[in-house]
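Working from the sequences, and respecting the hints, build out all of it.
Under the numbering used here, the first residue of the sequence shown is numbered 1, with each subsequent residue one higher.
Derived by calculation from the structure, the hints in this document are not laboratory data.
Please note that a few of the clues may not be correct.
Computed cross-link-like contacts, DSSO-like style, restricted to lysine-lysine with a CA-CA straight-line distance of at most 30 Å [to be verified]:
(1) LYS91 - LYS65
(2) LYS61 - LYS37
(3) LYS40 - LYS65
Across the chosen pairs, the derived CB separations fall in these ranges [stated by the list, open to error]:
(4) ILE230 - LEU181: 18 to 24 Å
(5) GLY225 - ASP22: 53 to 59 Å
(6) TRP12 - GLY170: 26 to 32 Å
(7) ARG240 - PRO188: 17 to 23 Å
(8) PHE304 - PHE364: 15 to 21 Å
(9) ASP68 - PHE364: 15 to 21 Å
Each residue gets a CB set at the ideal place from its N, CA and C atoms; glycine is no exception.
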Amino acid sequence: MANIRKQSSFAWRWRQAVARSDLSASAKAICQALGLKMDKDGGNCHPTIQDLVALSGLSKKTVIKHLDAAASAGWISVTRGQFYGQMHNRKSYVARFPDRPSVPVRQHDDDAESLGGGIASEGAKVVEMGDEDGVNKGNNTVYQLPHDNESPEDSPNISPQLRTRTGASGAERRKSERLFLRWLKAWPNAEQWSLSRTRKAWDDLDSDQRLRCIDRTPDYLNQPGTADRIACPATYLQARAWERLPPVVAPERPERVSAKAFGKVWMAYRFWLLLQPPNGQLVITGFDQRQIDQGQVTREALLFEKTRKSGWPAVNELLTKIREPVMCPSWLVEVSEGFRQVQRGSDLWSAWERLHERRGWPWFGWTTDYPWFPAVDPSAGDLNAAVDTAMNDFETLVNEGREDAG
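Structure representation (structure tokens):
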């Protein structure tokens with residue numbers, strides 16, 4: 001009766017396949033050394049080069065050379081710096097199979113019998129196996145190895161959802177991997193658990209579940225008390241533990257928010273102040289009166305200029321404190337969302353300066369190179385009309401924002 005081998009771990013099957021591959025002896029020795037550091041899923045493997053030198057008995061130069069050879073042949077995947085802490089500079093190694101088996105598997109025509117007299121499961125193949133000393137132990141049942149570990153259809157690292165789709169794009173898989181690594185870095189002691197198992201659990205999530213997982217995991221980890229908290233990241237993903245968290249209560253919007261000079265909210269605050277009636281003190285000096293009496297200037301023109309310079313003291317004060325954040329009404333955050341940066345000295349910049357002149361508003365003595373202004377239609381031929389329209393639209397948004405804020 002044939003000796004039946006139950007389905008073995010991925011790492012065991014990989015080591016057996018490497019041993020029968022056409023890799024060089026040195027490359028095989030290094031792969032076997034990696035195998036000693038892997039979990040049963042062929043992941044969670046982060047040895048240093050010195051570790052591999054000690055395990056393989058090869059020199060550092062030889063280890064580096066044949067690691068590259070094994071990776072080029074498709075037997076390992078190598079990534080760098082997936083974790084924080086002391087291991088962030090280490091490389092991670094994951095077992096995989098090249099696109100084609102290096103040595104064909106000799107398949108027998110007759111089915112193997114199980115220990116209980118049954119038939120080997122579908123997909124199993126009967127091969128002649130030897131022990132580590134090369135002694136033939138007879139016919140054994142093993143399971144078909146996945147030959148293309150990168151294929152969306154065959155890879156054990158791709159979710160069932162991805163396998164059943166007619167071709168998940170490479171862009172989708174890369175996006176999923178980026179999100180996975182972003183989430184994994186936040187998990188405490190993630191390097192202690194099986195990376196491949198965690199990745200498989202991640203791949204079993206749909207895109208919405210992944211985003212909710214990323215969003216709610218900090219809430220899960222920051223819960224008071226750790227006695228009932230899941231330590232294994234793969235178990236957490238499989239259990240969808242974030243779905244059992246209480247719903248997030250949106251915090252009340254603060255009345256005021258901090259804004260940096262010439263940013264979106266700061267500029268919206270400045271325009272909002274300018275839309276108020278001028279309230280600065282205007283003084284007609286004796287010199288001013290003589291100029292009026294002598295006809296050098298009209299009273300209206302003089303008052304217009306004095307209003308432009310001193311009519312909005314709150315705006316002038318903003319420009320004296322550009323190194324300090326300013327507390328602005330919080331409803332201006334939403335109002336300023338549509339603002340766009342304008343290059344200082346550009347045609348659009350000059351159009352905004354002319355709008356200030358027409359409205360009698362003070363202009364800037366100094367700004368950053370790209371301050372923010374209400375959005376202007378880029379296809380507009382008449383920039384003067386375009387900035388007038390943008391300012392009117394902003395005023396409408398301001399009135400709506402104040403009403404919504406109560």
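Exercise for the section: Please name the hints from earlier in the document that this structure breaks, with their numbers sorted from lowest to highest. Expected result: Checked against the structure, the only hint that fails is number 9, while the rest are satisfied.
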